[in-house]
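Asker: Hints given; two lone chains; assemble the complex.
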Amino acid sequence: MTALLFLLLAPLFSGSVKWLKARLTHRQGASPLLEYRNLAKLLSKAWVRPGLSTPVFLLGPTLALLGALAAALFLPLLPGLSFAGDFLVALYLLNLGRFFQMLAALDTGSAFGAQGSYREGLVTILAEPGTLMALGAAALAGEGLGLAGLPVLGPENALVLLLVLASLAVALLAEGARMPVDDPTTHLELTMVHEAQLLDHGGPLLALYELAASVKMLFYAGLMALLLPGPKVLVFMGVVLAWALALGYLETFGVKLRYLRLPDFLSYNTLFGVLALLGAIWKL
Amino acid sequence: MSEGVMVSALALVGASLVGLRAWGSGGYALLLGLGGATLVQAGGGMWYGDGSAAGVFLHLLGLLTMALASYVPEYLGHHPKEAPVYAFLVPLFLLAMVGVAQAPPGLPFLFFWEGMALLGYLLVALEGPKAQAGARAFFLASRLSGAGLYLAFLGQGHLGPDWIWAGLLVGFGVKAALFPFHLWLPRAHPVAISPVSALLSGAMTKLGLYGLFQAQTWFGPPPVWVGFALVLLGLFGAVYALVRGLAEEDLKGALAYSSVENLGLMLAALGGYFLTGKVLFLGAFFLHQVGHALFKGLLFLGSGALSERQVSRLGGLWHRMPLLGGLVLLGMAVGAGLPPGAVFAAEWLLYQGFLFAPGLLPLGVGALALVGALALYFYVRLFGLAFLGAPRGNVALHLGPGMRFGLLVLAVILVGLSLFPQEFLRPLGQGLYPSWALWVLLALAFGLYRWLDPRPSRSYGTWDCGFQPLTPRMQPNALGFSEPALRLFPFLRLKVGERPELDEPLERVYQGVGEGFGWATRLVQALQSGSLHFYLLLQLLTLVVVMGVVLL
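Residue numbers (our numbering), protein chains in the order written: chain A, 2 to 285; chain B, 750 to 1301.
The reader is advised that the hints may include incorrect statements.
Claimed, not checked - The following label-pair restraints were derived from C-beta to C-beta distances:
id : chain 1 : residue 1 : chain 2 : residue 2 : range
1  : A       : V256      : B       : G800      : 55 to 61 Å
2  : A       : L235      : B       : P1107     : 35 to 41 Å
3  : A       : L35       : B       : G1215     : 52 to 58 Å
4  : B       : R1222     : A       : V256      : 55 to 61 Å
Stated by the list, open to error - Residues of chain A clear of chain B, computed beta-carbon distances all greater than 10 Å:
id : residue
5  : Q29
6  : L206
7  : V236
8  : A243
Said to hold, decoys possible - Listed next, the stretches of chain B that the computed footprint assigns to chain A, with coverage defined by at least 3 CB atoms under 8 Å from CB atoms of chain A:
id : segment
9  : 1092-1100
10 : 1217-1224
Quick caveat, the hints were computed from the structure, so don't treat them as lab data.
Cβ atoms here follow ideal geometry from the backbone N, Cα and C, with glycine treated the same way.
In isolation and in its complexed conformation, chain B is listed as follows (with noise of 0.2 Å):
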């Protein structure tokens, strides 16, 4: 572990002790800020110096970190009686997902992710009674994440690769939101307060495709399936999940379906690399973590300063806080894969690595399609809807000093990446588009605005066809305006009317597989009858029986 990281932790673990007293202080966001900076260095230093996952990853988390130290002491302004322990976990947190990436196979990891997995819930568990249903979801998952890893550490030596690699897919797999074990996602992160809401997307999820990705050196290269089943799931899972997600009415919901989105990119990009081993993907997995890490913290952090989360209740936002309006725009243009962002400089790796890639592997660039034109039309639909036209309700808004300054450091951060991504790729190695073109465009639109804006122009209301004058309520509301698209994917089945309905026949397999498993453990239920006579039976049967192994 390098001093970089000590430091961080030292200073993470003091900011988790003045959080708890004085969460409101300088000095609490000075240690938190202190700690991100140092991440930021230290993971830096590992990335550019060689070229390592833990270091991308650090790096990444040390960013949000920064945005965080100047975000949240204002935020929990706002819930002071939940506030020391927030205050007091959140740090905790940081350094449990600290450990993880920095922990030796084995033990150490295994504490470390668990850890991490039981401060997480805690985070979502807080947020009071609305919240069980998502942090039991968030619980149960982790539970399963722990089987899979568990599988795979301790049968190392025991089971063959085949064995091991299922149970790591599982592992991370669940952690990352690999199809169809995403479900948990979507429920858990949007629950909880944003700034952890941006923790867990932004940071959290990427340790699950660290640990796959760790898990080359450690456990040997994987088995050919391994790299399939992450492409086909990765690629599937990022076209359900941006379906699933314009079916979303609440805004962060949304927004937690469409990491399940990148993060499908991420897997699939991951899962060339396994087949390919080309320099291609890796770029892509890696440039598309830190992009997704910064534009969905700072949709997250910035769905923070709404009082209202159902984008049929929002419009409007724009005219009463244009700083917020133009930081989400940013950040949804770059989640919609738009040049000059860092995204889409991330799918444009992707789209390569495909084309390149042999067998049938090029028809990959199908669903990547797919997925940029459902992006676009999803997040036109939570912009435009909950940022402009007309006001569709009162919704209270509370973006100070702090918090804006923490927005303004990841859109900062943002609009580096995007402009410069080759400097991001270069210990791999990987060459980039000549961006300095889309500089160019950006400009020349910047003059063309600059032109137009000044040119006569008179006010006037909107045009209303001539009949009657048009209302707030004849915009569509957030599932009209996606309905269109939902028509055309059997995955999914929108019934329209006074009360719209939406079956989902995924979540059905889920249920059955609970009630499958409730009908079980009845079953076994039947031996706790209660009855001493029972017990006193079923204790002479095991003698018997195991009388008769030994003796026979």
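Bound-form chain A, shown alone (with noise of 0.2 Å):
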């Protein structure tokens, strides 16, 4: 249910940054509802197949889209599938993703792609310990280890689920390729992380790449939204909108890290994780 929530949402999400972006630069911007038309426009697209291509070339796009939805299928915003340790599949199905879309990367043969491909796996190692420390943080405080027995923000847990929202905070623009940790309008090859991947994927797989990077953002905000008071799905409506604002803002007026200077930013989310953690065992 919330995978199918995800999906419908999840063109509008990245049109309002876009026409948010357009806004804070004095250009008229184009409608948020424009990615629907151009999605199906690129579905009914032929796609290029590179020379040196494998199968490998398409279970990329197909695998990273499917991995995020069924990740979001783990979400209780709606019902769902819930049980105890569900966050640890959710985050490996973004991974399994992951995994396919370096290798669709490197099946090019493209320089380019390749380098984007190791850069998204630096990019794990730096964020991947300090999100799942951070949940495991959350799943500790609340009931069963599940995401169904989160608790909720109050004044006796102020501390420890602060820290596990600005770590998943850090994880969504990692996860996400957004800035500071990438630029998604960079127009140079060379600086690229998650676009480099995509050089080469065109019509259809365009389509669902992007799909599968929206959906993902999605599902860190679903994350931060379960962690908040209220009925779930206003909350997580509320928490998308701050997030679309946020981003509008951020990549207006903030600049892209180096790349070697990533360590420095992301390794905020582990601290935030092993804090949380610590916050967790002694029930701070």
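Answerer: Okay, here's the thing in structure tokens:
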């Protein structure tokens, strides 16, 4: 259920961010709904098969989207599947998509694709431990180690959950390949992380990849919504709106970090994760 | 010992005798297959009957043996000169491993243990002059392991549990590549021929784990520090091995480092079990063993088809042999810990074990996540550079029907274990995530793939930025791909340049220990002056001292 909601919402989310960025730079901006038509157009187009490519080239976009959607299935915003340890399966499903996305980038024999591929791997190494520790801390503070039993923010667990929220916010920027980790609008292949992996994917394959990137961001927004008090779906809408605004401002006024400076930024994620876990262990 | 194990032991003896004369015959393959099948049956009976650790080991050994039965005769056809010796020794090596898993503690156990070490050494050393360094490392490690075990077995009843368990930790830890005793493994395993590497990494290392697990029934429960040592060294060793493996240019060498990583996680699971007694850890411990044996066996046997093992000289192998590419991709995806693989199921149990554990143990989750992310990077590098992209050199590929069948056997069993991991965990009474949800995902992925593939497309060259055309040399090489990740870890330094150099401080520590040992032996050597007068003086002094001790 949640997966379907995310699939419907994903184009609107990325469209709104683009619209806001245009307005902030005094351009008129295309309607946020244009993304839907853009996707429909991409899906109906033919795609380009690079001469060297193998079936892995198609598995990349397929599993990137399905992995992200399957991860969304475990979010109990709407009725779905829930069990102890479901957040671990969800994060590893994102990894499943990432594995094939990185391979698909190498599949073309392109130097740029390979660059994007190992940069993506580097971001994962930096971001994953903190995210999993933060989610583990939230699960420990709640009941039954599942997403359905996550606690909501209150005075008794404010410290741990605020740290978890901070860690998830950094993770969203890293996972969604947004500034300051990556620049989604860059025009120079040498600086790309996410886009460099998609250089040779066109038509429906590009559509799947773009959907996957937005669904991943919505997944992290959904995780944050679970930790906030209030009716789940409404809170989720609020979180998504807040993220659209935040991304719009961040990407208009912020700059992308130099690639070698990434560890400085993403180590905050690890720090928040460790602190949150320690807080959960000592029940602060 | 059960009847099934007896039958398989006889079949293995028969196979080794037949192998000496007729290694290429169907009879050899049949006897080896019979030995494997009966081991699978007997081991499975023991595991599903009363959840015995020996059962798990015999089960996985049997599975590997069945794959080898069809793989080995054809593989040895490419090495006709050494073939009879290999065909003779491999079944004996299998027999020694069966013996270790079945022998009672004490001298019979040590007999089979040393026999296994000796046969393993011979199998590595047979590969010729370029394997000598690896074989020597294997031999030294076996001696260290033996020393630890003699301390434990002979000291039983005389020494306290701390000493006994220190001996066991070294004795079995060396075989299971416990950090920092793991250095021998990536030197010795990859230089052997591929079927032997598969047996060493897939099966023999598991006997170290089996020994540590059984030791609690032989020697009583371990002291608390043993559990902590296993968790800390296991997790750190897993991270260390993956980072070091990222700097490895040899395909089989990298696979050996991945074995150290997987064994580190299994050791951490065992340590967690010692500390908390939770079944979650036990489930992770056993499931990971079988999963690792299957996927590592598949990858080592698959790499046996290649004439070139330097990743930087491979590339584009998928086009030449899609079947090999698909099977290796399966093995590497499982090895990277991706759902719904068996290794993922084991790691999932381990994560939960750590989260439920008391004290600071939940911090282990961070180490596990780092291992997961590094393993992703590690296997993308190996598969992407060797099997995808443009070919970078001429590589000969040999994969006949027999070898192909052996690979398929392992792949089918691996898929089965990945789809139904909870069946394997039944004897422990340990539940798992609802794995049907992951099958649905795979079915949907298959459907989406079948929808995309026939959609209109046109073939075109890879995007080259509009400048000069791409050449295969523009793809990153094996070290270039991992250099950004290596920057992050202080225990390894890679100097890039025309000739990249790798600096591993741990290796220097070992060199220092070796030099210190040499210095100490040279001191003792001074006694062996060769002068008769000096020896007579020494004898007199000894006599005086002994008389003094006795009389006073």
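Asker: A separate judgement is required for each hint: does it hold in the structure or not?
Answerer: Now for the hints, and whether the structure bears them out:
no.: 1; hint: V256(A) with G800(B): 55 to 61 Å; verdict: holds, 58 Å
no.: 2; hint: L235(A) with P1107(B): 35 to 41 Å; verdict: holds, 38 Å
no.: 3; hint: L35(A) with G1215(B): 52 to 58 Å; verdict: violated, 28 Å
no.: 4; hint: R1222(B) with V256(A): 55 to 61 Å; verdict: violated, 34 Å
no.: 5; hint: Q29; verdict: holds, 31 Å
no.: 6; hint: L206; verdict: violated, 7 Å
no.: 7; hint: V236; verdict: holds, 25 Å
no.: 8; hint: A243; verdict: holds, 27 Å
no.: 9; hint: 1092-1100; verdict: holds (count 3)
no.: 10; hint: 1217-1224; verdict: holds (count 4)
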